[in-house]
Amino acid sequence: MSEAGVELSGAEIVIQALIDEGVEYVFGYPGGAVLHIYDALFKRGALKHILVRHEQAAAHAADGYARATGKCGVCLVTSGPGATNAVTGIATAYMDSIPMVVLTGQVPTPFIGSDAFQEVDTVGITRPCVKHNFLVKDVKDLAVTIRKAFFIAMTGRPGPVVVDIPKDVTDPNIKIPYVYPREIRMRSYNPVEKGHLGQIKKAVDLMLAAKRPVFYTGGGVVLGEGSAQLTELVHATGFPITSTLMGLGAVPMTDPQFLGMLGMHGTYEANMAMHETDVLIAVGARFDDRVTGKIEHFCPHAQIIHIDVDPASIAKNVKVDVPIVGQVASVLADLLRLYQERASKSSEPPVAQWWAKIAEWRAVNCLKYDGSGPAIKPQYAVETLYKVTNGELYLASDVGQHQMFAAQFYPFDKPRRWINSGGLGTMGYGLPAAMGAQLAFPEAQVACITGDASILMCIQELATCQQYQLPIKVLLLNNGYMGMVRQWQELFYESRYSHSYVDALPDFVKLSESFGHVGMRIERPEDLEDAMREAFAMKDRFVFMDVIVDPTENVYPMIVAGKGHHEMQLSPSHSDRELA
Amino acid sequence: MRHIIAVLLENEAGALSRVAGLFSARGYNIESLTVAPTDDPTLSRMTLVTTGNDEVVEQIKKQLNKLIDTVKLLDLSEGPHIEREMMMVKVRAERQDREELKRLTEIFRAKIIDVTDTSYVVELTGASKKLDAFIDAVPEGLIIEVVRSGPTGIARGEKGLSL
Chain G
260 MSEAGVELSG AEIVIQALID EGVEYVFGYP GGAVLHIYDA LFKRGALKHI LVRHEQAAAH
320 AADGYARATG KCGVCLVTSG PGATNAVTGI ATAYMDSIPM VVLTGQVPTP FIGSDAFQEV
380 DTVGITRPCV KHNFLVKDVK DLAVTIRKAF FIAMTGRPGP VVVDIPKDVT DPNIKIPYVY
440 PREIRMRSYN PVEKGHLGQI KKAVDLMLAA KRPVFYTGGG VVLGEGSAQL TELVHATGFP
500 ITSTLMGLGA VPMTDPQFLG MLGMHGTYEA NMAMHETDVL IAVGARFDDR VTGKIEHFCP
560 HAQIIHIDVD PASIAKNVKV DVPIVGQVAS VLADLLRLYQ ERASKSSEPP VAQWWAKIAE
620 WRAVNCLKYD GSGPAIKPQY AVETLYKVTN GELYLASDVG QHQMFAAQFY PFDKPRRWIN
680 SGGLGTMGYG LPAAMGAQLA FPEAQVACIT GDASILMCIQ ELATCQQYQL PIKVLLLNNG
740 YMGMVRQWQE LFYESRYSHS YVDALPDFVK LSESFGHVGM RIERPEDLED AMREAFAMKD
800 RFVFMDVIVD PTENVYPMIV AGKGHHEMQL SPSHSDRELA
Chain R
33 MRHIIAVLLE NEAGALSRVA GLFSARGYNI ESLTVAPTDD PTLSRMTLVT TGNDEVVEQI
93 KKQLNKLIDT VKLLDLSEGP HIEREMMMVK VRAERQDREE LKRLTEIFRA KIIDVTDTSY
153 VVELTGASKK LDAFIDAVPE GLIIEVVRSG PTGIARGEKG LSL
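Order-wise, the sequence lines are chains G and R.
Going by our numbering, the first sequence opens with residue 260, and the numbers climb by one from there.
Going by our numbering, the second sequence opens with residue 33, and the numbers climb by one from there.
Simulated from the structure, these hints should not be mistaken for lab results.
For glycine and all other residues, C-beta sits at the position ideal for the given N, C-alpha and C.
Take these hints with a grain of salt, some might be off.
To be verified - Cut-off 20 Å, straight-line C-alpha distance, at most; resulting in silico cross-link-like pairs (EDC-like, lysine to aspartate or glutamate):
(1) 470(G) <-> 580(G)
(2) 396(G) <-> 86(R)
(3) 578(G) <-> 63(R)
What the hints assert, rightly or not - Computed beta-carbon distance windows for the label pairs:
(4) 400(G) <-> 191(R): 30 to 38 Å
(5) 189(R) <-> 450(G): 28 to 36 Å
(6) 124(R) <-> 450(G): 53 to 61 Å
(7) 444(G) <-> 194(R): 37 to 45 Å
To be verified - Quick partial rundown of chain G residues pointing at chain R, CB under 8 Å, derived from the structure:
(8) 386
(9) 391
(10) 437
(11) 438
(12) 440
(13) 443
(14) 444
(15) 446
(16) 447
(17) 570
(18) 571
(19) 574
Model the full assembly from the supplied sequences, consistent with the hints where possible.
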């Protein structure tokens, strides 16, 4: 442990600091600049290291671990290409505010700036996609810098922090007394905890007077551990709620008050409620362009309450009437208390007329699809996945149509179960993220939903899954296309499918088998459920399900870029219907 | 509208590039930026001048505050303040122009700090507009070189931007 007076080298300090920080797993890949650290790791034991097959996957796996657990993900990579390979994963975490500490090796301090072998300006390259970064030039600063990195990554609006460590700073021959600082204070960094009560009262005023209120909640609720408070508030108010892609599961998606996801591929009822609402209660959401649609048409009738831990997130894209800066869980608890003090105790269902309107929108059944053909519909595949797994999965996703189908057809009832790259939209994220989740919860069912294009972007991780015997289930919705690109080309480029056809796909069954896994190919709808049950019954095996789906299926509803929430396009199976 | 914003930053390597990077990454205007250590060697003070509507400037201030190295920030334009910029102008000072340039220097309360047979260097301190006015007043074709520090500023009254 960290009793004062123990003499450690820089490399040993890195390892001991991670142990003192309570780190369970380090995802990494060795190389020249981190050899001292890897040697200290080898000698010390006591810290589990997961060897990925590409540094991008180290960052994604640490990120998936962080999303599934709420703890800080940690990765360790070497200088130069090690660091640049990790950048995509760092940017992915940054866009979704995921707490992560990334330790990168650097060339020895005397060589910095000399274009040395495997040198890159890691601090410079990562600056725009980290919450903060450090270059440690003196071994005496190492322990406190690592402590600061965890503190910054985990508090306020979380995010990735890079600590760049030159090789000479980890020199095994230079030992200094080691003390790990328990408490850290930074005069320049003081995240807000409680929300301003005056502002919260104003929010209650608006909510009590609302005729057509709606909650619009995002990933901040999950990150801020505010699910219980939010669910209670939603039930206490009786208001409808919609969620962003990142917030799914914060409130049970099977709850009758939940309208489904909003935004570009959100439900009709969620988007129409946004368009008609008079009081919008935004919680831990950032008014992203995929959510708002054309900003001029966004919530034209609404007064907006916005709760967020990051003041810079408030009024960034949309003007807000009642801004509340604070930790989501704390603000929601205050909001609930003040609301309940003042809300009437009548037995009238609140905002009944509003619910009647919503019922009309729901009756459109916007997610309806035509499943009559001989091909497996991707929607049906996700519905079957839900049925087979009882909705209990930790489901990591890649990026594209399959991601949207999962968001629409797999209702998560718990937070931290839906693990996907929302902000950056990183293809290749799913498989390594699933590894992080599976390592965090070895007994849980973890799956990765993916497409034939996405899965190939981090396919090398099949080896990592074999090495650590991770019993992940991959559900590949194989349509032979980059489905979302194909969809846009069909709709907006007169079906000119420019380079969106994934020609020369591997035989995924043989590919999986070559890595020592179980591979299955499923081509008929009637085989799907049994095959999935068989796959999930193999509790200690990694199973790759290559599901051949209808290549022409599109994701609907859709708000075309530049349109408002009320201008949704429904699937062709709705073409006979006039919409409001 | 033009805003002059003072920021106290941790005097850490790379703090300046975080600010510069923020402006380029988010597409904010930046007219000038000056930075130097303060009486407290652990702190740097930065003055930056930017333009934008109220929403943009509000967002700029929030983003600056969000930087981990930012200790304190003050929008000087929101209250009474003093703005000063230093300028050195090298002018062609041939025989027939020397008197006129000396007179201008006096009128603007500037100083001639370097003299050769054919040139002066004039030092002038003041609000940026005053410096602009001096440049406009120098007869056409005489300016060889202009170097400006960029504005710095301080709020009036006894309150200070310090820890």
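Verification of the supplied hints:
Of the pairs offered as hints, the one joining residue 470(G) and residue 580(G) holds, with about 17 Å between alpha carbons and a cut-off of 20 Å not exceeded. With a C-alpha separation of about 41 Å, the suggested pairing of residue 396(G) with residue 86(R) is violated against the 20 Å cut-off. With a C-alpha separation of about 26 Å, the suggested pair residue 578(G) and residue 63(R) falls outside the 20 Å cut-off, and the hint is violated. Distance hint for residue 400(G) and residue 191(R): a CB-CB separation of about 34 Å, consistent with the stated range 30 to 38 Å.
Between residue 189(R) and residue 450(G) the C-beta distance comes to about 31 Å, which sits within the given range of 28 to 36 Å. About 57 Å separates the C-beta atoms of residue 124(R) and residue 450(G), a value consistent with the hinted range of 53 to 61 Å. For the hinted restraint 37 to 45 Å between residue 444(G) and residue 194(R), the CB-CB distance of approximately 19 Å leaves it violated. Interface hint at residue 386(G): satisfied, since its Cβ lies 5 Å from the closest Cβ of chain R, which is below the 8 Å cut-off.
The criterion of a C-beta within 8 Å of any C-beta in chain R is met by residue 391(G), whose closest approach is roughly 4 Å, and the hint holds. Look at residue 437(G): its Cβ only gets to about 23 Å from chain R, farther than 8 Å, so that hint breaks. With its C-beta approaching chain R no nearer than about 22 Å, residue 438(G) sits outside the 8 Å limit, and its interface hint is violated. Taking 8 Å as the C-beta cut-off, the interface hint given for residue 440(G) is violated, the closest approach to chain R being about 17 Å.
At its closest, the beta carbon of residue 443(G) sits 12 Å from a beta carbon of chain R; the interface hint therefore is violated under the 8 Å criterion. The beta carbon of residue 444(G) comes no nearer than 13 Å to any beta carbon in chain R, farther than 8 Å, and the hint placing it at the interface is violated. Against a cut-off of 8 Å between C-beta atoms, the interface hint on residue 446(G) holds, since the closest Cβ of chain R lies about 6 Å away. Taking 8 Å as the C-beta cut-off, the interface hint given for residue 447(G) holds, the closest approach to chain R being about 4 Å.
Here the hint on residue 570(G) is kept, as its CB sits about 5 Å from the closest CB of chain R, short of 8 Å. Proximity of residue 571(G) to chain R holds as hinted, the smallest CB-CB distance being about 4 Å (cut-off 8 Å). With a cut of 8 Å, the hint placing residue 574(G) at the interface with chain R holds, because the nearest CB-to-CB distance is about 7 Å.
Going through the hint list in order, the structure does not satisfy hints 2, 3, 7, 10, 11, 12, 13, 14.
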